[in-house]
Amino acid sequence: MDKISLILNIIILLISPFFVIGIIKKTKAFFAGRKGVSIFQPLYDFIKLLKKGSVISNSTSFIYRIAPVVVFITTVTAGLFAPLCANCSIIGTCGAFVIFCYILGLSKFFALISAMDCASSFEGMGASREACFTTIVEPAFFIILASIIALSSNSTFQNLNSIVEYAGNFGVLIIVLAVISIFIMLLTECSRVPVDDPTTHLELTMIHEVMILDNSGVDLALLTYSAGIKMVILASLIINLILPSSLDFTASCVAYFILLGLIGVIIGTIESAIARFRMSHVFEFVFLMSSFALVIASLTAVKIYGV
Amino acid sequence: MENYFIGIILLFFGAIFSLFFKKRKIEFITICSITASIFTIQNAIKVFIEGTKEISFNLGTIFQTVRFEMDYLGAFFVLFISVMSTLAVIYSKGYLKPYLEKGKDLSAHCVFLPLLSASMLLVATCFNGLFFLILWEMMSLSSFFLVIFEHEKKEVLKAGLKYLVFMHISVIFIILLFALLINNSSSLDFAQFREILADNPVLSNVVFMLGFIGFGIKAGFVPFHNWLSEAHPCAPSHVSGIMSGVMIKTGIYGILRIISLMTVFNPQIGYFVLIISVISALYGVIYAIGQHDLKKLLAYHSIENIGIIGLGLGLGLLGLAYNQNFVALLGFSGAILHILNHSIFKELLFLGAGSVYIKTHTRDIEILGGLIKKMPYTSILFLTGAVAICGLPPFNGFISEFLIYFSMLKGLSVDNIFMFLTMLLGLSGLALVGTLAILCFTKAFSIVFLGEARSENAKNVQCDNGISMILPMGILGCLCLLIGVFPAIIFNFILKITSIFVNVEQTFEIIPILQIISTTALCIIGAVMVLSIIKFKFEKRVENFETWGCGYNKVSEKMQYSASSYAQPFTSMIKPLFKKISDIKKPKTIFPKEAHFEQHIEDVEEVYFIKPVLNSIENFLTKFEKLQNGNIQQYIMYGLIFLIIAIIGVVTVG
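Protein sequences appear in the order of chains F and X.
With the working numbering applied, the first sequence closes on residue 542, and no number is skipped along the way.
With the working numbering applied, the second sequence closes on residue 659, and no number is skipped along the way.
Please keep in mind that the hints were generated in silico from the structure rather than gathered at the bench.
We put the beta carbon where it would ideally sit given N, CA and C, even for glycine.
Misleading hints may appear alongside valid ones.
Unchecked claim - With a Cα cut of at most 20 angstroms, we get these calculated EDC-like pairs of lysine to aspartate or glutamate:
id, chain 1, residue 1, chain 2, residue 2
1, F, Lys283, X, Glu544
2, X, Lys590, X, Glu603
3, X, Lys580, F, Glu519
4, X, Lys102, X, Glu32
5, F, Lys286, X, Asp369
6, X, Lys580, X, Glu548
7, X, Lys563, F, Glu438
8, F, Lys263, F, Asp280
9, X, Lys167, X, Asp469
10, F, Lys287, X, Glu548
11, X, Lys580, X, Glu611
12, X, Lys51, X, Glu74
13, X, Lys545, F, Asp280
14, X, Lys580, X, Asp608
15, X, Lys584, X, Glu548
16, X, Lys501, X, Glu74
17, X, Lys616, X, Glu74
18, F, Lys261, F, Asp432
19, F, Lys286, X, Glu548
20, X, Lys559, F, Glu438
21, X, Lys584, X, Glu544
22, X, Lys379, X, Glu562
23, F, Lys287, X, Glu551
24, X, Lys378, X, Asp469
25, X, Lys27, X, Asp110
26, X, Lys540, F, Asp280
27, F, Lys287, X, Glu603
28, F, Lys260, F, Glu519
29, F, Lys283, X, Glu548
What the hints assert, rightly or not - Beyond 10 angstroms from chain X on every Cβ pair, some chain F residues (computed):
id, residue
30, Ala267
31, Met351
32, Thr435
33, Asp483
34, Val530
Generate the whole structure from the sequences, applying the supplied hints.
Here's what the structure looks like:
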């Protein structure tokens with residue numbers, strides 16, 4: 236990959252999370268009839284938190300102190316393997332999506348044990364739910380990626396949309412389904428409405444927000460930043476599925492940024508339009524992704540083997 | 006081969022002469038094991054440099070020529086059996102100290118511990134069918150005596166007997182297997198077996214199936230896993246470490262040895278192995294999530310990991326059957342590397358669990374907590390093992406799982422719909438197993454080591470264990486990290502072993518990826534260190550305060566999230582797969598006094614298959630109870646009846 240796209244990708248990975256979250260907030264403010272904060276506010280918040288001191292629970296150990304760093308580093312590293320702008324990833328190797336998922340797994344592992352380290356019942360509740368949702372999302376994600384690889388015999392986790400060339404109309408159908416299911420994955424993994432409400436005031440109903448209830452200062456800054464990075468990575472996956480590979484570099488970059496903003500607007504709109512589901516319904520919602528994944532797998536089987 | 010036998014003889018020597026020591030038994034067998042392992046390891050390394058070595062003895066007409074051959078596969082097993090069992094023996098000194106102080110007799114334990122290592126080492130090199138069976142039996146029996154270390158406890162004895170029964174069911178199949186081979190080839194030697202299997206697909210399939218069931222019982226594939234989850238928790242921790250880390254791998258060795266003898270491969274066998282393995286992996290990890298007994302949880306994870314190893318084997322077999330060399334290569338390498346990896350981190354975790362048990366006298370994780378502050382080394386090492394067993398980078402579990410994933414991704418391109426669907430099953434199954442392992446080990450680690458102590462047992466712990474217990478765990482932890490950070494080196498080593506099964510010349514594609522993984526792992530470790538230092542150095546004022554109780558300020562350690570509640574969303578999601586046994590006493594009235602909650606999860610196979618079968622056998626046999634009534638006259642009558650029948654028989658036939 237050339238230097239320009241490398242630098243561009245690194246900038247996207249590190250800077251855009253603030254603005255995507257800013258756009259979501261702005262959209263929600265628009266629907267609520269407020270003026271809303273500037274879209275630079277998440278960035279200001281981040282800088283403000285970095286400057287602050289922190290309060291640490293007496294029950295915690297060093298795990299709690301290093302976990303935010305591990306979560307941040309692993310999320311960024313995972314981002315290096317994911318396709319971002321212009322349909323290519325910073326490290327594009329065969330089987331990259333397995334490495335991607337497992338590095339994110341490491342990040343999740345530390346987020347979970349850091350939440351459990353506070354000896355708080357609320358944080359444990361969030362951790363337990365988060366761990367449970369992952370078990371539904373991950374296998375479905377692997378089925379989707381495996382189907383795409385089987386169609387295009389390209390396991391580099393780049394040019395995901397090239398299956399349209401191999402599979403024609405079937406490819407379009409598969410892409411539509413894959414986009415929907417990865418969007419569900421995004422809502423689940425990044426804890427957005429209707430799975431989780433990041434702005435709720437009741438700890439009992441939170442998932443991700445309650446896991447970082449006791450974090451403050453630099454730790455909180457790193458954790459919210461990593462959550463933003465993760466959202467951008469997953470949003471980029473969706474964009475890469477949609478954007479045709481025939482676009483030239485500048486056009487695809489412009490389209491990428493427009494779509495990234497659009498995804499922010501969509502998430503904001505969903506959050507303004509509906510409330511979060513009851514916990515039992517959340518499972519059903521997340522399982523939707525598994526069913527989509529199975530449909531994608533059967534479509535792939537039909538396409539390749541013509542059963 | 007001489008050095009190898011010097012090592013074996015040293016182990017036997019240690020076993021016998023430990024009886025003459027009054028006080029320093031454990032030290033004596035430790036020295037014997039260390040010296041023996043130096044000899045055997047040296048011999049195994051020589052095999053990797055110079056090639057296969059062998060030696061034969063002529064043992065008369067029954068055994069004919071007994072041949073011990075150390076090929077790459079055997080040398081690999083000898084290597085890790087030596088290392089792992091020696092580390093466990095070193096650990097045993099600290100672990101057995103409290104028992105010694107209580108005046109427990111360790112004679113039997115000290116005899117069977119070296120005997121188990123010796124028999125495992127011999128099994129891995131023996132190429133004589135009959136002698137193999139004897140060694141196999143010796144291994145099962147010595148491990149049985151090690152399991153019933155605390156035989157005064159009823160449940161230990163029960164678990165030990167169950168283990169013994171299962172091992173003998175396994176031996177029946179292995180005897181059948183060898184009987185078939187010996188009968189067909191009229192020889193006891195493995196080399197002869199290879200010749201008769203060469204172009205006989207039917208015999209190959211029958212032999213493989215018998216071997217898979219026989220050795221699979223030892224390895225713990227579902228549905229033959231039942232002994233594993235009971236015998237491992239009851240044994241002393243270093244023995245559980247050896248059993249789970251090394252001994253169940255001899256079952257895998259048996260399966261691999263049969264594959265190495267076969268030349269024709271049927272895809273159906275590959276599918277069968279792969280599907281059984283995915284089921285085993287899922288079954289193991291799902292039950293592990295429901296367990297609150299730390300060692301039982303680890304035992305169920307052994308079933309999961311055996312499933313992952315089997316997945317690699319299944320891929321290897323499918324690759325051979327469909328002539329996909331690369332798929333087979335990655336599958337076998339992944340399986341063999343996972344054998345090594347699993348033995349490292351599982352032994353580490355069992356030793357960690359043992360350290361916790363010695364300090365807190367309980368295996369129930371619900372009453373532990375907060376141990377990280379008092380046992381920092383044990384905790385960090387347990388965390389290393391936990392991250393490694395979840396298959397997360399930068400540790401070793403990831404490397405073998407990645408090889409298996411890559412093999413499945415390559416398998417997707419085989420033009421066969423069954424292959425495609427099986428690969429999807431494998432991919433999603435392995436992904437599910439990975440996330441469930443994360444769920445399970447975040448639970449185990451955080452409930453045991455993090456938060457606040459939940460009972461007096463955990464509160465009374467003063468300090469960490471001594472060096473003899475920390476050192477072996479430290480070595481294992483370092484091995485986990487080293488393999489995870491330098492995978493290309495270990496992969497080249499594993500390739501030598503894989504060369505027994507497949508042609509290993511086309512590996513160009515995987516090495517660069519392993520190098521990328523290695524760089525990534527190093528970067529993650531480095532970046533975490535640098536950023537942590539920056540953070541701790543430049544962070545403003547840090548205050549300590551109570552955990553935020555959401556406005557409630559009488560927070561107690563009882564209010565922490567417990568293991569059952571952590572697993573609850575998942576266990577309630579897959580309710581039909583479990584049989585839950587709950588003991589609930591709800592708080593009643595306005596001023597509630599007593600309340601109680603306890604939940605156990607029972608193995609479905611145990612409840613719906615093993616127990617009914619055993620009950621019906623027992624019902625049938627109790628009908629004959631009257632025969633044994635203590636009346637001597639009647640017993641004499643039985644003898645008389647038998648004699649009459651025998652005489653009639655002889656007369657009529659003769």
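Hint check results:
About 13 angstroms separates the Cα atoms of Lys283/F and Glu544/X, which keeps this hinted pair within 20 angstroms; it holds. Of the pairs offered as hints, the one joining Lys590/X and Glu603/X holds, with about 9 angstroms between alpha carbons and a cut-off of 20 angstroms not exceeded. With a C-alpha separation of about 15 angstroms, the suggested pair Lys580/X and Glu519/F falls inside the 20 angstroms cut-off, and the hint holds. Simply put, Lys102/X and Glu32/X have alpha-carbon atoms about 12 angstroms apart, close enough for the 20 angstroms limit, and the pair holds.
A threshold of 20 angstroms between alpha carbons decides the hint, and for Lys286/F with Asp369/X the separation of about 43 angstroms lies outside it, so the pair is violated. In summary, the hint linking Lys580/X to Glu548/X is not supported, as the alpha carbons are separated by about 44 angstroms, beyond the 20 angstroms threshold. Only pairs whose Cα atoms come within 20 angstroms are accepted, and Lys563/X paired with Glu438/F is accepted, the gap being roughly 19 angstroms. The hinted pair formed by Lys263/F and Asp280/F meets the criterion: a straight-line CA distance of about 18 angstroms does not exceed 20 angstroms.
Of the pairs offered as hints, the one joining Lys167/X and Asp469/X is violated, with about 35 angstroms between alpha carbons and a cut-off of 20 angstroms exceeded. Between Lys287/F and Glu548/X, the direct Cα distance comes to roughly 12 angstroms. Compliance with the 20 angstroms bound is thereby established for this hinted pair. With a C-alpha separation of about 17 angstroms, the suggested pair Lys580/X and Glu611/X falls inside the 20 angstroms cut-off, and the hint holds. Distance check on the hinted pair: Lys51/X and Glu74/X sit about 13 angstroms apart at the alpha-carbon level, within 20 angstroms; holds.
Between Lys545/X and Asp280/F the CA atoms are separated by roughly 16 angstroms; this keeps the pair inside 20 angstroms, and the hint holds. Using a Cα cut-off of 20 angstroms, the hinted pair Lys580/X and Asp608/X holds, with the two alpha carbons roughly 13 angstroms apart. Distance hint between Lys584/X and Glu548/X is unfulfilled; the C-alpha atoms sit about 47 angstroms from each other, more than 20 angstroms. Of the pairs offered as hints, the one joining Lys501/X and Glu74/X holds, with about 16 angstroms between alpha carbons and a cut-off of 20 angstroms not exceeded.
Proximity of Lys616/X to Glu74/X is assessed by CA-CA distance (about 43 angstroms); at most 20 angstroms being required, the pair is judged violated. Of the pairs offered as hints, the one joining Lys261/F and Asp432/F holds, with about 16 angstroms between alpha carbons and a cut-off of 20 angstroms not exceeded. Distance hint between Lys286/F and Glu548/X is fulfilled; the C-alpha atoms sit about 15 angstroms from each other, no more than 20 angstroms. In summary, the hint linking Lys559/X to Glu438/F is supported, as the alpha carbons are separated by about 18 angstroms, within the 20 angstroms threshold.
The hinted pair formed by Lys584/X and Glu544/X fails the criterion: a straight-line CA distance of about 50 angstroms is larger than 20 angstroms. Taken as a hint, the Lys379/X and Glu562/X pair is honoured in the structure, with Cα atoms around 17 angstroms apart against an allowance of 20 angstroms. Restraint check: the Cα-Cα separation between Lys287/F and Glu551/X comes to about 19 angstroms, which is no more than 20 angstroms; the hinted pair holds. Taking the CA atoms of Lys378/X and Asp469/X, the gap is near 9 angstroms; set against the 20 angstroms cutoff, the hint holds.
With a C-alpha separation of about 10 angstroms, the suggested pairing of Lys27/X with Asp110/X holds against the 20 angstroms cut-off. A hinted pair counts as satisfied when its Cα atoms are at most 20 angstroms apart, and Lys540/X with Asp280/F qualifies at roughly 18 angstroms. Between the alpha carbons of Lys287/F and Glu603/X the distance comes to roughly 44 angstroms, so the proposed pair goes past 20 angstroms and is violated. Straight-line distance between C-alpha atoms of Lys260/F and Glu519/F comes to about 27 angstroms, which puts the hinted pair past the 20 angstroms bound.
For the proposed pair Lys283/F and Glu548/X, the alpha carbon gap of about 18 angstroms is at most 20 angstroms, so the pair holds. For Ala267/F, the non-interface assignment is confirmed: its Cβ lies about 26 angstroms from the closest Cβ of chain X, beyond the 10 angstroms cut-off. Listed as outside the interface, Met351/F is inconsistent with that label: its C-beta sits roughly 3 angstroms from the nearest C-beta of chain X, within the 10 angstroms cut-off. Every CB of chain X is more than 10 angstroms from the CB of Thr435/F (nearest about 13 angstroms), matching its label as outside the interface.
Even its closest Cβ contact with chain X, about 28 angstroms, leaves Asp483/F beyond 10 angstroms, as expected for a residue assigned away from the interface. Distance to chain X confirms Val530/F as a non-interface residue, since its nearest Cβ pair spans about 13 angstroms, more than 10 angstroms.
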